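Trainee: Start from chain S and add chains C and B according to the hints.
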Amino acid sequence: MIEIKDLSYKYPGAEKPALKDINLQIKDGEFILITGESGSGKSTLLYTINGLIPNLFGGELTGSISVNGLVPKENPIRRLSQFVGTVFQNADSQIFMLRVEDDVAFGCENLLFPRDEIIIRRNLALKELSLWDIRERETFTLSGGQKQRLAIAGIYAMGPKIFLFDEPTTDLDEEGRRDLFQILRGLKHRGYTIILVEHQYEDFIPFADRTINFKEGQITLSLDPLPSRLNPKRKKNFHQSLPPYLKIEDLWFGYEGHPCLKGINLQIRKGESVALFGKNGSGKTTLFKAILGLLRPQKGKITIEGISNPELSPYGCKIGFLYQNPDEQLFTCSVEEEISFGPKNLGININIEEALKLFELEGYKGRQPQTLSRGERQRLALASILSMQPEIILLDEPTTGLDTKGWTKFMDITYNLTLRGKTVVFSTHNRKAMGEFADRLIQIEEGKIIRDEILR
Amino acid sequence: MNTSSELIIYAGIVLFALITGITLYAGISKRLIRSFTTYDLVTISLFITLLYIAILPFKLGFSKFPFIHSFFFSIPYSAILIIGIRLVPKPGATTLLILGNTIFAQILSRGINPLWWPYAILPSFALELYFILTRNYVGTLLNALGAGVLRGVVVYLYFYLFAGPFIWHKHYAGWYITFQVVQGVIASAIGAWIGFKLSKIIEKAYVYGRV
Amino acid sequence: MMRFSDKNTPFHRIDPRTKVILSLMVAVLVVVLNNVLLLMVLFLSIFSAYLFTRPSLSNLKILVFMMATVFLSTMISQGFFYYLEPKTPVVTIVSKSVPLIGGLTGGLQIYREGLIYGAVQSLRLIIVMTLALLIVLTTYPSDLILGLTKFGLPQRIGFMLMVSIRFLPSIIEEARRILIAQKLRGLKLKGLRGVLRGFRHLTIPLVINCLRSGRQIALAAEVRAFTERRTSMKELKLSWFDPLVVTIGFLLSFFLIYMELFK
Chain S
1 MIEIKDLSYK
11 YPGAEKPALK
21 DINLQIKDGE
31 FILITGESGS
41 GKSTLLYTIN
51 GLIPNLFGGE
61 LTGSISVNGL
71 VPKENPIRRL
81 SQFVGTVFQN
91 ADSQIFMLRV
101 EDDVAFGCEN
111 LLFPRDEIII
121 RRNLALKELS
131 LWDIRERETF
141 TLSGGQKQRL
151 AIAGIYAMGP
161 KIFLFDEPTT
171 DLDEEGRRDL
181 FQILRGLKHR
191 GYTIILVEHQ
201 YEDFIPFADR
211 TINFKEGQIT
221 LSLDPLPSRL
231 NPKRKKNFHQ
241 SLPPYLKIED
251 LWFGYEGHPC
261 LKGINLQIRK
271 GESVALFGKN
281 GSGKTTLFKA
291 ILGLLRPQKG
301 KITIEGISNP
311 ELSPYGCKIG
321 FLYQNPDEQL
331 FTCSVEEEIS
341 FGPKNLGINI
351 NIEEALKLFE
361 LEGYKGRQPQ
371 TLSRGERQRL
381 ALASILSMQP
391 EIILLDEPTT
401 GLDTKGWTKF
411 MDITYNLTLR
421 GKTVVFSTHN
431 RKAMGEFADR
441 LIQIEEGKII
451 RDEILR
Chain C
1 MNTSSELIIY
11 AGIVLFALIT
21 GITLYAGISK
31 RLIRSFTTYD
41 LVTISLFITL
51 LYIAILPFKL
61 GFSKFPFIHS
71 FFFSIPYSAI
81 LIIGIRLVPK
91 PGATTLLILG
101 NTIFAQILSR
111 GINPLWWPYA
121 ILPSFALELY
131 FILTRNYVGT
141 LLNALGAGVL
151 RGVVVYLYFY
161 LFAGPFIWHK
171 HYAGWYITFQ
181 VVQGVIASAI
191 GAWIGFKLSK
201 IIEKAYVYGR
211 V
Chain B
1 MMRFSDKNTP
11 FHRIDPRTKV
21 ILSLMVAVLV
31 VVLNNVLLLM
41 VLFLSIFSAY
51 LFTRPSLSNL
61 KILVFMMATV
71 FLSTMISQGF
81 FYYLEPKTPV
91 VTIVSKSVPL
101 IGGLTGGLQI
111 YREGLIYGAV
121 QSLRLIIVMT
131 LALLIVLTTY
141 PSDLILGLTK
151 FGLPQRIGFM
161 LMVSIRFLPS
171 IIEEARRILI
181 AQKLRGLKLK
191 GLRGVLRGFR
201 HLTIPLVINC
211 LRSGRQIALA
221 AEVRAFTERR
231 TSMKELKLSW
241 FDPLVVTIGF
251 LLSFFLIYME
261 LFK
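Note that the protein sequences, when read in sequence, are chains S, C and B. Its first residue numbered 1, the first sequence is counted upward by one per residue in the working numbering. Its first residue numbered 1, the second sequence is counted upward by one per residue in the working numbering. Its first residue numbered 1, the third sequence is counted upward by one per residue in the working numbering.
Bound conformation, chain S alone (with noise of 0.2 Å):
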């Protein structure tokens, strides 16, 4: 049982609190599923329950909060993990081992149990989390959905009775959600308490006990409505009859004999929002390289607007490329630099401050960009692929990182730039995202296109 009496805190040198006046008691078995925005507190209040609050991070934390009895601040966090296990968003960072047993055994090992009652709570955590067969894999070749399970295992075997889940769904796709749901309702099931932070929320609300909203640090009542788009947009009249722009024909390519992707048929017309759909490994990231360049086919052409692909380089900058995490994309001292860097490249000039303007980074000019937030990171780096003026973007999962607040701001941008004639393609296992900021839904499994249908 937690117990949380009036609980607030703030983290060393902020100016405001991060959690404020929470009253909280969460019974042993419930299943407390907890949403807000980013930044309103959500993760926070995970830290003072497992005991990083205030043992690891300081700050000044008031209030009281007891956990099965005893008090965080007053224990170790060492003897709070034999109670309390936390799963964090980011599944490789919480691997540790080159062989999936072993990793399995590290918590264990560090609570100091013998040996052989490591191998049982290991055999059973591999067996629990369905990891058994593969339990001689070495870490770096399981898939994202593996390595979640794998990290949820390590913290299983060591046995605490309360699990804390810190928006583990992020980097799943559609299989890997439902794999962690599955995995949720049999902790349920067994008795576990459970507290899920999430903002992808809308699978668990049945199924949780409790929902609870955070805002600005405090627990509200009101769920925050799921935002609807600001300014629904009409497309404009979209002509069928236009000539392609992209054309991809009988595209076959493989690594090492292992096929990725089979006999791709794909046209695209200038000006469309496309949606590339389908599970993580179904051949999206490959056919956005072959059509970058970045790839060579054994089989099969890429043109765009006649001229076929080996002439085009993507440094001629016709096609912009935006990676899933904005980070391996920055990589200059200011804002400024960072939009202006590739234009400079290509002999280009650009206006700055009308870039600024467009993605919403007004007064960041001079900022290092390792200080924005998330969200405003992948504008920048959307920026200054925009600069180069390319006229098609591929967009590798571009929801992903962000809360809805986030992404429908983002693709509100992108979905702009089809409106004057750019060709958006974007990668995603997100069907509200598809639903409204795509035009046409292609969606590509094992490396075949199984579906192709206009939208609107």
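Fair warning: there could be bad hints in the mix.
Claimed, not checked - Covered by chain B, according to a simulated footprint, are these stretches of chain C (three or more residues, beta-carbon under 8 Å):
#, segment
1, 155-169
2, 191-205
As the list claims (entries may be wrong) - Taking lysine to aspartate or glutamate pairs in the EDC-like style, the calculated list, with each CA pair at most 20 Å apart, reads:
#, chain 1, residue 1, chain 2, residue 2
3, C, 200, S, 336
4, S, 279, S, 37
5, C, 200, S, 446
Please keep in mind that the hints were generated in silico from the structure rather than gathered at the bench. Computed from a prediction, not measured in an experiment: that's the story for all the values here. Glycine included, C-beta positions come from ideal geometry on N, C-alpha and C.
Mentor: Chains C and B in isolation, oriented as in the chain S frame:
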């Protein structure tokens, strides 16, 4: 072997044993290791990996020119080393970085080989002493350059004056040794300069930003 | 990335601690022995142990290539710098009479005795390299780290090395992606300025991302109760094979040293 070279060998072994002893003693002492937070240790781990990656392209490409390839080696290595020290400015960090990287490379591809440990222990020892004496862990450019030069001097002199003749039984002419040492020192200094400049940029994000 | 090959040869079954001891023995031998024949004996015994692990053809090719490189470069470098008499020049690159360089260096010539001497000395390095490759092929990294911890390496340092190994492939991948992103923004990596710029623009995001991940990793470790003392699930068991190998090693070493000193 004549008496003077015998003397050098014995002196070298004694000196080396002393240095190793001090290093190991300090290293295994729990107190020192406890002064590192988990985040410090993880940062050092990742820097050990970065040090390895920094010289990867040169291992495969330039090894055809043994006479100057160490020049290209040393620059990225020193740069990343300096950045690492600046981010974890504690006694022992340098040793963990250099020695850790050596053992890491040995586990991964070179095989556990004590003959190469002096290359790690000697510069670590010298640099730790340097930082303690100057009371400055790469806080200023001068300090960084000094560290780079020191590293270059220690490593190259060790090889050409001791390891070369007495361990590998390889001899080099005086002018060649001078040429290599000078080149090594210059390369390390350049690397240190680059590392210092980069670390200032990285720190801006680190301190004020979301890192 | 790791060159460990998962087979079940006798050498695979040797405890990593034994392998460390073997390395130490070989290290001493390589420095002490001077006689060509004895060095050859040492080399052949290690090389045959290597062949016993049935290495793949590509692996063998890599080893031979590395050996050849060491052989040739040592030969040539010692060919230049041989200073004992007699020395017979085979090739003269710069004679003594050339102004400045000739006078400074005393003439750059390759001597026959030097070439031979170099060939012999290269054996030392080759022996060490072959043993090293043998160990890397037959020992899993985490076992090796475990062995080292049993020898006194602090647990936290063992953890550190484990993390370094575990994240190597990820960081390399990330570096590649960053480089591609830069190419896509038109960054030209030609020439000295290009390389410097490239390094700067690669290092900054790479290090910052490492620091970010590092924070996450550290939090995850804390939450898994990570501190100094740990028990270990894995065990290293010494089989009958290990003391046998060590004994053989000692006997061989004593034999070789005896031959060196007294014959």
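Trainee: Which of the numbered hints are not met once you compare them with the structure shown?
Mentor: 4, 5
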